Amino acid sequence: MLEIKNLQVEVDGKKILKGLTLSIDKGQVHAIMGPNGAGKSTLAHVLAGRAGYTVTGGSVSFEGQDLLALAPEARAAAGVFLAFQYPVEIPGVSTMNFLKTSVNAVRTAHGEKEYDAMDFLKFVRAKTKTLSISDDMLKRAVNVGFSGGEKKRNEVLQMALLNPKLAVLDETDSGLDVDALRIVGEGVTALRSPDNAMLVITHYQRLLDYIVPDRVHVLAGGKIVRSGDAGLALELEKKGYGEFAAEAA
Amino acid sequence: MTVGTRIGEGIGWLDDLRHQNRTAFHGLPTPKMESWKYTSLKPLYGFAFARPSSHEPPAGATEAALAALGGARLIFVDGIFNAGLSRLIGPAMPLSLALLKDAGAVHARLGHIAASDDPLTTLNGGFIDDGLVLMIDGATVEKPIVVEHISTAAPDGIASHPRSVIVLKANARATVIERFSGTGRYLTNPVSEIVVEDGAKLTHIRLFEDSEAAFNLSHLTARIGKDGAYESHVLATGGALVRNEMRIELAAAGADVSLNGAYLGRGKQHTDHTTVLRHSAPHTTSRQLYKGALDDASRGVFQGNIYVGEGADGTDGQMSNRTILLSDRCEMDSKPQLEIYADDVKCAHGATVGELDEDALFYLRARGVPERQARELLVEGFVAEAFDALAEPALVELMRARIVHWLAAGKTLREAA
Ligand SMILES: Nc1ncnc2c1ncn2[C@@H]1O[C@H](COP(=O)(O)OP(=O)(O)OP(=O)(O)O)[C@@H](O)[C@H]1O
Ligand SMILES: [Mg+2]
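Order-wise, the sequence lines are chains L and D. For the record, in the first sequence the residue sitting at position 164 is 1392 according to our numbering, with numbers rising by one throughout. For the record, in the second sequence the residue sitting at position 354 is 383 according to our numbering, with numbers rising by one throughout.
There may be inaccurate statements among the hints.
[Said to hold, decoys possible] If you anchor each label on the Cβ, the simulated ranges turn out as follows: (1) L:Glu1463 / D:Glu426: 52 to 60 Å; (2) L:Ser1375 / D:Lys364: 35 to 43 Å; (3) L:Tyr1432 / D:Asp417: 38 to 46 Å; (4) L:Arg1410 / D:Ala94: 41 to 49 Å; (5) D:Ile118 / L:Thr1358: 46 to 54 Å.
[Said to hold, decoys possible] What the simulated footprint calls covered on chain L by chain D, stretch by stretch (three residues with Cβ under 8 Å from a Cβ of chain D suffice, anywhere in the stretch; the number is not a length): (6) 1272-1281; (7) 1288-1301; (8) 1315-1322; (9) 1333-1347.
[What the hints assert, rightly or not] A few chain L positions that, by computed beta-carbon distances, are all more than 10 Å from chain D: (10) Lys1233; (11) Gly1285; (12) Asp1423.
Hints were generated in silico from the structure; no laboratory data involved. Note that the structure is predicted; figures quoted are calculated from it, not measured. C-beta: ideal position from N, C-alpha, C; glycine also.
Chain L with its partners taken away, still in its complex shape (with noise of 0.2 Å):
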């Protein structure tokens, strides 16, 4: 579904991801662990095609299509997500507005019909249950006054709304207590099936305890340096990134 040759991208002119190289089946979770600073996010922002990085080598196919010749909101159309590590407050745009914006673009998009108002409140109100997301919530405006566990709760609701065919989570674990983690974790797994992927990036174990990945990979330098299956992320909670500091430089 997801091919990644050898990508090399720089920002401001310094190299951050230098060579990397990943291939995610369909059906298949792939965790990216690796310590700060690595590159982590940045391959996130390249697949979802923000602004300001640079390719200067390599490629990425999505389902045979070139990725990285799509503007952000057709990689949306094609099926991507990325759930973001710092959610972005809109002030003046309310959540339910925002939700169904993004919603009709991407029918809009499949030629699919737009839903009205009703339909998209019934559609909305199915999902928020589940992550215990409050309809005072999607009246304020997008993540402005959210708790950090309210914003990484709004980005899961936003990836059940939208269910893609590939999930990149960017550290949506961080920043939540007990509760959250299951109520996270839980809305993740049930969004897991078949037909779509998910890469997953994370510092921790605990959100893999949900969602037991296919592959764990160490990120550290711009590389992928270590690859291995779901026991690989808790050796790497116990030991550390040390081992891979001289491999990375």
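Use these hints to put chain D with the ligands onto chain L, whose structure you have.
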């Protein structure tokens, strides 16, 4: 400048008032005047202030969304009342009718608080066309009173000088929605005099949706009594040049003024919001929030003045002006000013000029929203915040819908996509 068939002709005091004003008028404001530094009326020099020959508005000139509110409706075409299009219920009536019914009551109010040092008010006083007269004794008018000022075009330019008088006596309550619209090149020079007495509250919405070749030079003077409230919501999207000047005196303790404004400009449009709030009694409160978005080579001006007079202790005055620039050819001049002669005063002002938030734009696009639509949504959210204070959801929706309509009509935002 024939006087022709101006309303109320033959009423002695009104003839005198027009005459005095015409004698006192010595030309349009010039950039030499402090408050006209940023807005030039040069395009108006040589403008023939002609009177219209016909007063029939083009079909579809009135606004269905306002008619749907179901209250009184007063339609003026080129400053002349159009009974056929209007719906008179409740206390609101055109000045022309008020003069027939009780000229004395009008005499007691008209011209009393209008600015004497404003050339445009003087010009208006020299002609005085029809406008709204609303006098309420202590009652509440439930449904919004809709007033539409429609202007029509003539090759040499038509001018109208609508004059409105609103007096809310103690504890009265009303909502007035005024809309300015028209076709082609014209000048409308409306003057409003508003008195909100003790414990009364006026919610005043004004939509400046004039034609793109039009000049709208609006001047409003208001005086707010003890525990009285004046809440203004202004949306300016039209006109070649719109200047909306408001001078408000918070004349007694507990007076509360809230001015909310949004302006959207494109092409070569010029929008000027000038406010002068005079706190002249202790414990009065004012809030001003003006937000705008400018595209192309449009220009925006905000001049907010808070004057706290001697003895107006405990005044609380806050003023904020925020603009986003959508092109690098547009320009915003923001000049908030405070002048304080009292003690224990809480006053603050802030002005920002910035660009659309790129992070928010990416967030929306990453959620599948096309760039053009994402930009529109962000601008809408930004400027519509000016109307958060509006209590009635239907009216908030009305304002939002107009912003959305303006955004969808633009070319430049689309080109950005
Ligand atoms: N605009 C920029 N200019 C220069 N360096 C940048 C810029 N943006 C990011 N970087 C650098 O790129 C590197 C990778 O950042 P990235 O956010 O991808 O790390 P990360 O692996 O997600 O870290 P964390 O675990 O802390 O989230 C960091 O060293 C960061 O400082
Ligand atoms: Mg990161």
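Results of checking the hints against the structure:
1. L:Glu1463 / D:Glu426: 52 to 60 Å: Roughly 57 Å apart at Cβ, these two residues keep to the hinted range, so it holds.
2. L:Ser1375 / D:Lys364: 35 to 43 Å: Holds, since serine 1375 of chain L and lysine 364 of chain D (Cβ atoms, about 39 Å apart) stay within the stated range.
3. L:Tyr1432 / D:Asp417: 38 to 46 Å: Holds, since tyrosine 1432 of chain L and aspartate 417 of chain D (Cβ atoms, about 39 Å apart) stay within the stated range.
4. L:Arg1410 / D:Ala94: 41 to 49 Å: About 47 Å separates the Cβ atoms of arginine 1410 of chain L and alanine 94 of chain D, which means 41 to 49 Å holds.
5. D:Ile118 / L:Thr1358: 46 to 54 Å: holds (51 Å)
6. 1272-1281: holds (count 4)
7. 1288-1301: holds (count 3)
8. 1315-1322: holds (count 7)
9. 1333-1347: holds (count 3)
10. Lys1233: holds (23 Å)
11. Gly1285: holds (23 Å)
12. Asp1423: holds (19 Å)
When the structure is compared with the earlier hints, no violation turns up for any of them.
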